[in-house]
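Residue numbers (our numbering), protein chains in the order written: chain D, 32 to 295; chain X, 43 to 416; chain W, 9 to 462.
Treat the hints as calculated values from the structure; they're not laboratory data. Hints are not guaranteed to be accurate.
Taking lysine to aspartate or glutamate and the EDC-like style, the derived pairs with C-alpha atoms no more than 20 Å apart in a straight line are [unchecked claim]:
1) X:K356 to D:E148
2) D:K238 to D:E200
3) D:K155 to X:E389
4) D:K155 to X:D101
5) X:K383 to D:E267
6) W:K451 to D:E200
7) X:K382 to D:D142
8) X:K364 to W:D143
9) W:K216 to X:E172
10) X:K154 to W:D422
11) D:K155 to X:E393
12) D:K229 to W:E157
13) W:K216 to X:E338
14) W:K188 to X:E389
15) X:K183 to W:D35
16) X:K270 to D:D105
17) D:K155 to W:D143
18) W:K451 to D:E267
19) D:K238 to D:E258
20) D:K155 to W:D422
21) D:K238 to X:E381
22) X:K154 to W:E388
Derived coverage of chain W by chain X (criterion: at least 3 residues anywhere in the stretch with Cβ under 8 Å from a Cβ of chain X; other residues may be distant) [claimed, not checked]:
23) 138 to 150
24) 169 to 177
Here are some chain D residues the structure puts well away from chain X; computed CB gaps all over 12 Å [as the list claims (entries may be wrong)]:
25) D75
26) H114
27) Y206
28) F268
As the structure is a computational prediction, the values presented were derived from the model and not from experiment. Ideal placement from N, C-alpha and C gives every residue a C-beta, glycine not left out.
Next come the chains, spelled out residue by residue.
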Amino acid sequence: MIVAGCDVGSLSAEAVILKDGAILGSEIIRVRPKAEQSAIDVMDKTLRGLDLSYEDIDYTVSTGYGRETISFADHNISEISCHGRGAHWLIPSIKTVIDIGGQDCKAIRVDKDGALEDFVMNDKCAAGTGRSLEIYSEVLGVHISQLGSLSLNASEPVTITNQCSIFAETEIMHYLMEDKSTADVAAGISDAMARRVKMLVGRVGLKNDIAMTGGVSKNIGVVTCLENMLGTTFVEFTEDPQIIGALGAALFAADRLKKNSKEP
Amino acid sequence: MKPLAKLASISKTLKNEVVTDWINQGKKVVGYVCTYMPEEILLAADILPYRITGKGARDTSLADAYLTRVNCSFARCCLEQGFRGEYDFLEGSVWVNGCDHIRRCYDNWNAKIPRPFMYMLPVPHMFSPEGRQWYKEEVVKFKDAVEAHFNVNITSEKLSEACKIYNETRRLLRKLYDLRASDAPPFTGAEASIILSAGFVMPKTEYNRLLGSLLNEAEKKSKAPQEKVRLLMTGSLMDDSEFVENVEDMGAIVVTDALCFGARYFWDRVAENGDPFEALVDRYYTHVPCPRMAGEYPTRRDFILNQIERAQVKGVILQHIKFCDLHGTDNAMLKMDLEKKGIASIELEREYGPLGDAGRVRTRVQAFLEKIGG
Amino acid sequence: MDDQKRNMIVRLHEIFTMGSDLPDELDMESPDVKDFLDTLSEDRRIAFLTSAKDPDVRKMSVGFNRAFANYWERLCLAKEQGKKTVFIPFNCSPEIFYALDLMPLGVETLNTMGLNVEEGLHEYLDLAIERGLPDTMCSAQRGVVGMLEAGVLDMPDFLVNGALGGCDPNSKIFEYISQKFNIPAIYLDVPFYHDQRALDYYTVEYKKIVTALEEVSGNKLDEDRLREVCELSNEATELFMEIQELKRHVPNPVPNYYNTIHNATKLTMVGTSDAVDIFQKALDVSKERLKKGAHVLPEEKIRFMMMYTGLYFGGNIHLWLEEEMGATYLLDMLVSNDHNPIIDTSTMDTMLGGLAEGMLNLPMTRQLKGAWDMPANWLEDLLYYADTYKADCLVFTGHTACKQAWGIYRLVADEIKKQLGIPTLRLEGDGWDSRITSMAVIKEQISDFFETLQ
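Chain D on its own, in the form it takes in the complex (with noise of 0.2 Å):
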């Protein structure tokens, strides 16, 4: 039985191909203009490596941003209850995610099967989201995969007040007109991340073991001071977390296709 997971969402397109039970091979892009686009060439890319094609897959669940519009999947499904259940298949002790992407952040919590109990999403505002950070690392003038690292260099914090993140940025650079280290900007622009995070987390309610995926898990500023607050570690993932959405859509498509199976 080979079945597949395709994730298409706003920056990368991931897919992970599935044979009984275990991961055969996945792959990672960024996108293309079009989501159906994304998802073929994720694909195709994913089916070349392992010497596949279409018709050896038995089953395909899409997720993401791009979920509805993509012909060849059999079925989508939200990348809340994909996250929550690609986690868990990686590490079965983990019952809350957080996912922080470019455009949103998510809390999730699953059962100890793997299926969603209860989730909050942030799509609201930029701050709270990977794309807050881009902009402050523009303004403090580093690439931002340096920015997490950075702000554990720091001596003094400074601390971000504003909630929004346009005044945020104009406050980023009060700091460092009065001289402030990138250092100790850097680590408040991870406390401030985290403070909102930790908000989110609250209002599902935090149960361990816990972890941390999409794109800001990779700050490890943000990721310090957010275990921090929360009283709490992270697991790690042996595997790249960012295909996590597109592994819990491969494991739904397993589950589909057994039950399907099962119905004359």
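Place chains X and W on chain D using the hints.
Then chains X and W, alone, in the frame of chain D:
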């Protein structure tokens, strides 16, 4: 045209064909916004009560100069349509101090685009004998104002007659909701939303006729039970069938609600024995309360629990328009109470009409349905 | 014990006790004072300087701080002494609670004073939302909800809300607290109009509240005790009316910080002798200043008033306005009590009637319950205050939660410009949450605006 298509066509445009007919007969149309305004008084004066909405607003660029970004998008869309002249066919409008947003909509409307008959009917925020007395006095003043402005005499007989017509609407809508509550609802929630919307913008006699035949037709058709997740929708003002459709697209069916554009509008009837005026006052004052009525949260909650039971609801959509603190807070309390009873619910913050974002709603609703096993 | 986990009232008691020992002679440049200032957080330092730097202001502050230290102490001891506590909004006069031997706690006063205790109450403002409250609800009460959630505040015995119809978030939060924490709530309806019929209706509603309070507390209202309270309330009224008279002088001899004192005292203490003492001191000092020709420093360049709420975070804005801007803060709408009646103390009935009338004329209830241009509403009052106190300009702080004020700001501002020729500045932000628009940005906008006037 089939009744449903006819109702859909009427609900689509502000100055619809029935309203045009009414005006062409030399009769007046008066707008209103809130369900605490006793429509029967207007009908008894042979005036068509017409519910003002923000339907059709493409943006709120004119309104935003007066009602600002912290005011709810429903109030802003209503004002926008007023500013754009879309409501110039109204002889005037009647407002209620329902909430901070809508009473400020009135202030701006009255200051900037007044029509000949502008009226504010203030309603107390609590149930009490003194509150009822206050409300009654206000309804008397309103009736007097209508009589004076339109040079009519609203007699007891005319009022009784109007109450009967409205009660018939209420009876039919209850029947619609009975059908929706059944195992095989003949209408989707989006269809029901269209059916309800039309009723606010056309004469009730005509509406009753169309609704009657629509329901007869529906009763005859036997439908197989659907596998969809049965939902109740409550919260801020909702006349947006596309929003409901977005929710239902994800594999659900909205089978009942506690909306002022839905069940709360018609659930209670005017008593037909005794003095019609007193009966009217009683009905409008004590009908299923809006969250503006302080201390009445348990009444609203129990109404919702009752709806959940009678329509076999599996999940509750608690939506509110951003900045609508009355419904937002009620929804937060409902979420806690529904959780205690093991009923799944989801809070959705939305924008009204043109400012809405379907994608945001779809992802959340889909995840919610997946959560409750849809 | 971790400071943040301690009871908020206990902490306020400590702070105000400290503030009540200020000596008459205080050398701000002395090493002791400098060391002390260094121990304070930035907000606390600003708050301290605002209340203590100017010797005249310091004289007012000492008594004010002492009275508040007592007030917080009485709240701390209430449970022990078997006294019931009642949470009230700023639209509910405290007199009746004192007469009934209950302890009133003004939600907004606690929220505002708490801002300086904990650098902006961010933790509590957020916790309230985290636990379910919509984020568009007002930060003037939200901090208190957060404190209840965090367990740093004891649950009151009842809630009384007297603002239905003037502000939706204000009344709704009481329903929320009542449901969430299972505390009985009593509501008082506010009519839309401001005439005799409205007053009659409101008075009946008010009397019903008194009966309800008697029932839930088991305390009976005693006529003599009520008279005592009403007389003290009248004394306070006469004193602050006199202070208001002084504000009409150009330049204005009443220090900006008096507005903070007035607000807190009126909302929590009128009906006690403490309130009389506070206003008496403020009057004496202001009269003396008038005699001396003292006013804001370095000279009164601008006389302005806030159209509605003030700015409460970041320590206090008054000192900056005086020293940097030379601006007299005549008043904001929350300290506009010129229509406060003198209570007729002849009978139980006249006293309750007077108290009800006082409440119907409280800020916000009076101006924002009806239509914008109705008698005794926002426009009329702003015209009256701006004219009476000779304001050069008006500032709307644009507190996010004030949807009812935002919704008519444009109409009102246009009309004021038309009738009085006075310009207004509209800010955007939040009066209690420093994270929406920072004080630095606000000061910049105010300063730019003032520059355009000169």
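Taking the hints in turn, this is what the structure says about them:
Restraint check for K356 (chain X) and E148 (chain D): satisfied, since their Cα atoms lie roughly 15 Å apart, inside the 20 Å limit. In summary, the hint linking K238 (chain D) to E200 (chain D) is not supported, as the alpha carbons are separated by about 33 Å, beyond the 20 Å threshold. Between K155 (chain D) and E389 (chain X) the CA atoms are separated by roughly 14 Å; this keeps the pair inside 20 Å, and the hint holds. Proposed proximity of K155 (chain D) and D101 (chain X) is supported: the alpha carbons are some 19 Å apart, at most 20 Å.
The straight-line distance between the Cα atoms of K383 (chain X) and E267 (chain D) is roughly 36 Å, outside the 20 Å bound, and the hint therefore fails. Restraint check for K451 (chain W) and E200 (chain D): the C-alpha separation of about 18 Å stays at or below 20 Å, so the hint holds. For the given pair, K382 (chain X) sits about 18 Å from D142 (chain D) by alpha-carbon distance, which is consistent with the 20 Å threshold. About 10 Å separates the Cα atoms of K364 (chain X) and D143 (chain W), which keeps this hinted pair within 20 Å; it holds.
For the given pair, K216 (chain W) sits about 11 Å from E172 (chain X) by alpha-carbon distance, which is consistent with the 20 Å threshold. A C-alpha spacing of about 12 Å is found between K154 (chain X) and D422 (chain W), which places the hinted pair at or below 20 Å, so the restraint holds. With a C-alpha separation of about 11 Å, the suggested pair K155 (chain D) and E393 (chain X) falls inside the 20 Å cut-off, and the hint holds. Only pairs whose Cα atoms come within 20 Å are accepted, and K229 (chain D) paired with E157 (chain W) is accepted, the gap being roughly 16 Å.
For a cut-off of 20 Å, the pair hint linking K216 (chain W) to E338 (chain X) stands: about 18 Å separates their Cα positions. Distance restraint check for K188 (chain W) and E389 (chain X): the Cα-Cα separation of roughly 17 Å lies within the 20 Å cut-off, and the hinted pair is therefore satisfied. This hinted pair does not check out: K183 (chain X) and D35 (chain W) have alpha carbons roughly 67 Å apart, beyond 20 Å. With a C-alpha separation of about 19 Å, the suggested pairing of K270 (chain X) with D105 (chain D) holds against the 20 Å cut-off.
For the proposed pair K155 (chain D) and D143 (chain W), the alpha carbon gap of about 12 Å is at most 20 Å, so the pair holds. At roughly 46 Å between alpha-carbon atoms, K451 (chain W) and E267 (chain D) are farther apart than 20 Å, so this suggested pair is violated. Our distance criterion of 20 Å between C-alpha atoms is met by K238 (chain D) and E258 (chain D), whose separation comes to about 13 Å. Annotation: proposed proximity of K155 (chain D) to D422 (chain W) is violated, straight-line Cα distance about 33 Å (limit 20 Å).
Taking the CA atoms of K238 (chain D) and E381 (chain X), the gap is near 18 Å; set against the 20 Å cutoff, the hint holds. Restraint check for K154 (chain X) and E388 (chain W): satisfied, since their Cα atoms lie roughly 19 Å apart, inside the 20 Å limit. Residues of the region 138 to 150 of chain W lying with their CB closer than 8 Å to a CB of chain X number 5, which satisfies the three-residue condition for coverage. For the region 169 to 177 of chain W, the proposed coverage by chain X is satisfied: 6 residues have a C-beta within less than 8 Å of a C-beta in that chain, meeting the threshold of three.
Every C-beta of chain X lies more than 12 Å from that of D75 (chain D), the closest at about 26 Å, which supports listing it as non-interface. A cut-off of 12 Å between C-beta atoms contradicts the statement that H114 (chain D) is not in contact with chain X; the least separation is 10 Å. Y206 (chain D), annotated as away from the interface, keeps every beta carbon of chain X farther than 12 Å; the closest lies near 28 Å. Look at F268 (chain D): its CB is around 22 Å from the nearest CB on chain X, clear of 12 Å, so calling it non-interface holds up.
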